[in-house]
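**Q** The lines below spell out each chain.
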Amino acid sequence: MPSDAHPSDDAPDIELIQRWRAGDERAARVLVERHAGALGRFAASQGVRDDVDELVQDTFVRAFGAIETFRADSSFRTWLFTIERRLILDRRRASKRRKDDAEVDERDAATAFDALDGLVADEMASRIRSAVGRLSPMQRDVFTLRVTEGLSYKEIADVLGSTEGAARVHYHNALQVVRGLLRDDA
Amino acid sequence: MMRKLDRADMQDRLPEYVHGTLPADERAQIDTALARDAELARELDVVRAVREVFAGATPHVDVDRIVAALPAAGTLARTPARSRASLFRIAAAIATLAVGGASLAVVQQTIRGDVTDSLVVRGESVSAPVGEELAMSFGYDLSALDDDDLEQLLADLERSGGLPPAEPRRSTAAESGQEAGQ
Chain A
1 MPSDAHPSDD
11 APDIELIQRW
21 RAGDERAARV
31 LVERHAGALG
41 RFAASQGVRD
51 DVDELVQDTF
61 VRAFGAIETF
71 RADSSFRTWL
81 FTIERRLILD
91 RRRASKRRKD
101 DAEVDERDAA
111 TAFDALDGLV
121 ADEMASRIRS
131 AVGRLSPMQR
141 DVFTLRVTEG
151 LSYKEIADVL
161 GSTEGAARVH
171 YHNALQVVRG
181 LLRDDA
Chain B
187 MMRKLDRADM
197 QDRLPEYVHG
207 TLPADERAQI
217 DTALARDAEL
227 ARELDVVRAV
237 REVFAGATPH
247 VDVDRIVAAL
257 PAAGTLARTP
267 ARSRASLFRI
277 AAAIATLAVG
287 GASLAVVQQT
297 IRGDVTDSLV
307 VRGESVSAPV
317 GEELAMSFGY
327 DLSALDDDDL
337 EQLLADLERS
347 GGLPPAEPRR
357 STAAESGQEA
367 GQ
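Chains A and B are the protein sequences, given in the same order.
The first sequence begins at 1 in the numbering used here and counts up by one.
The second sequence begins at 187 in the numbering used here and counts up by one.
This is chain B alone, in the form it adopts within the complex:
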């Protein structure tokens, strides 16, 4: 069905009119309007003149060189842009495995007790500053030591100067009662 164009439609379609891409019925309507609408005809003149100027100012482009630079025909069917997506999937899988593997190792270590039971003793005084930087760590399970072993360990530490220069101050019974009452 033929669509009736109003003036705004015709103004809109002047480029298509100049390019010759309008349906025949629309072109005929514009031809009729141009015969009696001088303003529309002047707009058409401008559009036509601009098109001629710029279409005539086409820079030289070397078609042979461009064609020679293109990928070989048919090759992209086997190595499409999809390969980029595949690379991304592989990278994502590696990242997932790395993060997941590390997490699993931590969980396993925790379950075995390597983390929770390992002890790190930092030579810091509770109530007095440490005179010099001191740090020691034990790689064995303290829960396996009995009272005698612990006393021996503390004695060894004292002999080696590994204990802090000031021991924690003992709390008095009054202080303990005060804290308990709070």
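Next up, chain A with everything else stripped away, as it sits in the complex:
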């Protein structure tokens, strides 16, 4: 039964999910407002250019449509990242099939990262973006989820289908690479 109380903006995700399942439409808005930005940034870091908005929407629609399967073993945000990443991979595969382009991943992902070109302005930002763009796709995914979104190694491992140990190694390697590139460019 819907609650009359307005969902607090700082209520935990799981509480908001329960409210939404009980019929509280406003709880969904709070969840979307809370996580949409992070999903948008992650999409951009994955090379999504024009349809970030649509991708984020699809992610939420999928998540809410399958909310009964969310067991809260991981955080709601981690679950959203996992769904979004899967959508991105599906789209990438579909796009590859359409183009009949056999070249995959490394180079494409590196150029796709240029999607952020229009989003960063000053020189320092451009150097940082360039340095992060030179990471391998896995290093970049781990690094941006860790640094930009503050995910734990466990959460990153869940999103990327990897292990905590691997995520830790990728993060530290990425940090050293970015530091080195920024030092060289200075």
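Hints are computed from structural coordinates only; laboratory data are not their basis.
Do not rely on the hints blindly, as some may be mistaken.
List time: in silico EDC-like cross-link candidates among lysine to aspartate or glutamate, alpha-carbon distance up to 16 Å [unchecked claim]:
no., chain 1, residue 1, chain 2, residue 2
1, A, K154, B, E202
2, B, K190, B, D217
3, B, K190, B, E212
4, B, K190, B, D211
5, A, K154, A, D73
6, A, K154, B, D198
All figures in this text were calculated on a predicted structure; none of them were measured in a lab.
Let chain A serve as the given structure and place chain B on it in line with the hints.
**A** The following block gives chain B in isolation, referenced to the frame of chain A:
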């Protein structure tokens, strides 16, 4: 109890430090370390700068449109993702019934003797090739025919040209003995 962080722990926690999600005691330890560890401070600068750049580059997302596209609140309680599992169960039940039913029909037919007693005669010669394609089948029970009926049937077949142009060669007594001895 406060956990003492070593340098690797502190390096590991710099993102949480930047995000402000560290417990107070861990944050205090890192603050102390940063005051005397220039290398750690430089790593923190990189993490902080990267975070600022990318957090500031958030693409526009239309929250209203997303919320409007979501399923209505409370509706999934009655039609959860479980319905997909239910559909699968129904499909599995139908498949089981179909396969099981077909198997039962075959078994019943076998028990009645429809399969074992039905006879299919293919017009193929044993020792000579058949000149033309020939096939006949009988839908009645041959075991019910007596010798006279069978002779009549063979005569009818011969008249209609239904027998193969060459009959099986009779084996000689010597051949029979040879085979028996083997």
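**Q** Each of the hints needs a verdict: does it hold here or not?
**A** Each hint tested on the structure:
1. K154/A with E202/B: holds, 14 Å
2. K190/B with D217/B: Status holds; Cα separation ~13 Å.
3. K190/B with E212/B: holds, 8 Å
4. K190/B with D211/B: Roughly 9 Å between the alpha carbons, so the hint for K190/B and D211/B holds.
5. K154/A with D73/A: Holds: K154/A and D73/A sit about 11 Å apart, inside 16 Å.
6. K154/A with D198/B: This hinted pair holds, its Cα atoms lying about 13 Å apart.
Checked against the numbered hints listed earlier, the structure breaks none of them; every hint is satisfied.
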